[in-house]
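Q: Below are the chains, spelled out letter by letter.
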Amino acid sequence: MTDLTRLTLGAALDGLANKDFSSVELTSAFIARIEAVNPQLNAYVLTTPERALEAARASDARRAAGTAGPLDGAPIGVKDLFCTEGVRTTAGSKILGNFVPPYESTVTSHLWRDGAVMLGKLNMDEFAMGSSNETSAFGPVVSPWRARGSNRSLTPGGSSGGSAAAVSADLCLAATASDTGGSIRQPASFTGTVGIKPTYGLCSRFGMVAFASSLDQAGPITRTVADAARMLTSMAGHDPKDSTSLDLPVPDFSQFIGKSVKGLRIGVPEEYRIDGMPEEIARLWDEGVAWLRAAGCEIKSVRLPHTKYALPAYYIIAPAEASSNLARYDGMRFGYRGEGTALTDVYETTRAEGFGPEVKRRILIGTYVLSAGYYDAYYLKALKVRARIAEDFAKAFEEVDAILTPTTPSAAFPLGEKQDDPVAMYLNDVFTVTTNLAGLPGLSLPAGVDSQGLPLGLQLIGRALDEGSLFALAATMEQAAGFTARPEPWG
Amino acid sequence: MAIDVATVRKVAKLARIAEPEDRLAPLAQELNGIMAWIEQLAEVDTTGVEPMTSAVAQTLPMRDDVVTDGGNAARVLGNAPRADQGFFVVPKVVE
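Note that the protein sequences, when read in sequence, are chains P and G.
Take 34 as the starting number for the first sequence in my numbering and just add one per residue.
Take 350 as the starting number for the second sequence in my numbering and just add one per residue.
This is chain G alone, in the form it adopts within the complex (with noise of 0.2 Å):
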């Protein structure tokens, strides 16, 4: 399955990054040669495994549904690029 500028250019746009088309074809030939590595787990014979999820087997704690913290507007946009009384401020989305 390798991988081809095509692909590169799709998985790209999925992972919100720009790449300048000049980078597709490098990118593709790097990416095949760390999956061709990787290829190697088709020898593992996983018949009847269960995928490991977590690396620690617990159920996950349960909490009361209340609200715990809250009131600090400030803070939260404190490291905001852009921010107007009280919002963050992000490019136009809708034309």
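The shape of chain P in the complex, shown without the other chains (with noise of 0.2 Å):
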């Protein structure tokens, strides 16, 4: 038998229809894989292999009686800042202890309405806060990408490390993820995965621990762009716990999958066209460019000119949500607590060693620009800042249909490498950062593989809820780039 573990969502799923293997079979493939190969990744923080049995085997009595959901039997990993009943959830923090969720997040529970079999949390950084999976309370996640001719250890990017890990290594078919400022495009373009952030508002927030409630939006990571269009179909919908959710019906987005992308005007900003480029990502560039130019695509110059100011206020806005949000752990009702004598003591021991140092820096700073004399010069500025971003994509969109953009300014770098300049590790997020501000789609695929080897991607932004064009011009684009690489050691 082919190794189960290898095998696409999509493809899966066909062989879970077609009976030639069951969802316990499946299910016990990744099971096995997971328990050999995990020690050395560090991508799960917490595997549930006797729930994702039982789950196994009630799903293949769903297909023997027929009423099988779309993603019935497919294990998948979910990152561990979805909250699931009954199975611990931390947010890579060791503040939130041991907490057992009494509830299941929106965007899960449509995954396992639809029969996905949950096989474990997936390792991230500290609330979500960090480009590496250092910050993560667990130790950082190792990718499986190795840089062609050395050991050295490389990071799989973050937060979402330990789900574009798992997703690239073969530990689940696909995997949860979410997006503030990057966080699941960023790791998907370091690991060769697919990974999209869907309009604001597509999927509820509910149940997800909250990093910058704005900006914090759930996406899939896959292997491919229709697995992507698969997860996100389950993800996405209106949920009346959490009052930013669009009410809207969502598609089918797989129906886009295929769909000719002929005539579809793109655009190209100048603005991303940053100092220091590496020449091979400026290459892959435009390599996707003369692809969607062969799909018959038009091809169109467009100026986003507040580019450079996204990260800075995305530097003020996501830490003065954050210390808001973050005001909840307190030690009181849920989670580690400090020791003291008096409240106020309790409060700040508990903070002080719940909290790890970067997470304390970002509340420090949230705190700072939100405090008496400052919010004016620095929130309401960058708020204003954010709606000149804003409006330099509605420009850009009534000219152009979607935006392509490399992914990150470089590819996956090495554990240990950037953890000692904050600045330096934000400037990841540099293109990806952009649509946060913005609440516009964004998608990452695998393009190719730099000298070394290693992967890297390229970005899809479109407009809001035209998800439907980004898979199909990543669907295009997939087929264009013919990304075959896979992580070596893991092979």
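Quick caveat, the hints were computed from the structure, so don't treat them as lab data.
These numbers come from a predicted model, not from an experiment.
All C-beta atoms in this analysis are idealised placements derived from N, C-alpha and C, irrespective of residue type, glycine included.
Do not rely on the hints blindly, as some may be mistaken.
Said to hold, decoys possible - Taking CB as the label site, the calculated pair distances span: (1) G:K362 <-> P:P390: 15 to 25 Å; (2) G:P375 <-> P:P135: 32 to 42 Å; (3) G:A351 <-> P:N184: 42 to 52 Å; (4) P:D53 <-> G:P375: 44 to 54 Å; (5) G:D418 <-> P:N184: 45 to 55 Å; (6) G:A406 <-> P:R306: 24 to 34 Å; (7) P:R306 <-> G:G420: 51 to 61 Å; (8) G:T402 <-> P:G329: 38 to 48 Å; (9) G:A351 <-> P:S183: 33 to 43 Å; (10) P:L281 <-> G:D418: 20 to 30 Å; (11) G:A432 <-> P:E372: 13 to 23 Å.
Both chains are sitting in their own frames, so use the hints and assemble them into the complex.
A: Below, the structure is given as structure tokens:
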């Protein structure tokens, strides 16, 4: 039998439908692979094999009864940011301790409704604050990829590093992830996987541990564009429990795979050609343009003049929202509690001991920019710059239907390399953060490898709620790219 | 507007994070590094621009003001660091 863990989500669902194998067989193959590989990669912070097998048996019964759902029997991983009823959820933080949610996130409940099987919870940067997975209280995820001829451990990116590494190393068919400034797309780019951050409001945030509520969105990380379409179709949908959830019908995104992109107008923003961009990334970007031109798209230059201000604006807005959201971790009702005699002492030791350095740094920045005397100068100014960035996109989308950019300014870097320089780490998100600020969908797909054999991604940005065009364009580019590289040590 | 040690002490207090005295100076330096990079926002002309407070322009939905959930005290207390007889147990608040 072929190695079941190497299948795409689509091929696995076909195999299940054809009775080539059962969900129990498929799930068992993943459980065995996780046992063998996870100790080296640290992608899962919690595995739930018994629960997975029980769900797989139930799925096989549904399939036998002819009541299988769209994802029935497919084993997936869940970023540890999504609350899972009865299964420990930590958001990569010590402060959540052994928190066992008494409720299920809406996104995961949709996946279980459609028959998916949970293999376990995936590692992440603490509260999704990081771009290398090094801020996790469980230690960093190690990328399954290595530079050619090197044994140095690389980052899988972050914050959804566990999700990206697990999909890339065949530790699940697909994974949930979340993206506040690039946390789906940057790790997808670093690991040769596909990731989409949908339009703000498409996926419910209920039961997702909050970082920056006006920016956070859930999305999938998968092996193919078609798999991402399947996962997003299931994850999305209106939810009265999230007041920012959009009350609109969700299309079956799979219908856009293979759809012609002839005549679509593609914007190429010159502002994304930043100083010091590696030649290989610039070349790959040009190749991406050529693939779309060959498919009948019209290529146009567009201006997004406020691009360079997106990251500094983000580093006011996101910490400001985080400082408010994370005020709930006071050691009283759930999670870790520090020692102390009076109430305030306990708050202060709980938070000093429970949060890691990057999270504390961001809470302090957020508290500072919201404090009396600085609110107008920093926070309000950043919200106005955010409006300028959204305006840039609105103008560009008068002339084009989608925008093509690189996903990241570099390939994956070694663990430890940027840990001591916060601003250098933040610059990882320079191409992705703009869509979070504007609320637009962004998709990263693997487009090629650099001279060291490491994956590089390209990003498509679309109009609000036009995920369909992104899937059609990405599927076209995926075919043209013919990306077949695999992480060698784990191949 | 450089951040000094006194400002870090005040902000840490507001954020309810105990920072030992010897961490304040290095933290001030870190925060200044980040804020200096953020200062470039001053270059953007935002005259007459309304602050963007939500990613998607839509009015918040209304719902009936009715009880839809409850009676789950045990589940609510299930993750409490300390609980007793249906209550959260917290440190002494009033002397």
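Q: Hint numbers the structure violates, sorted upward?
A: 4
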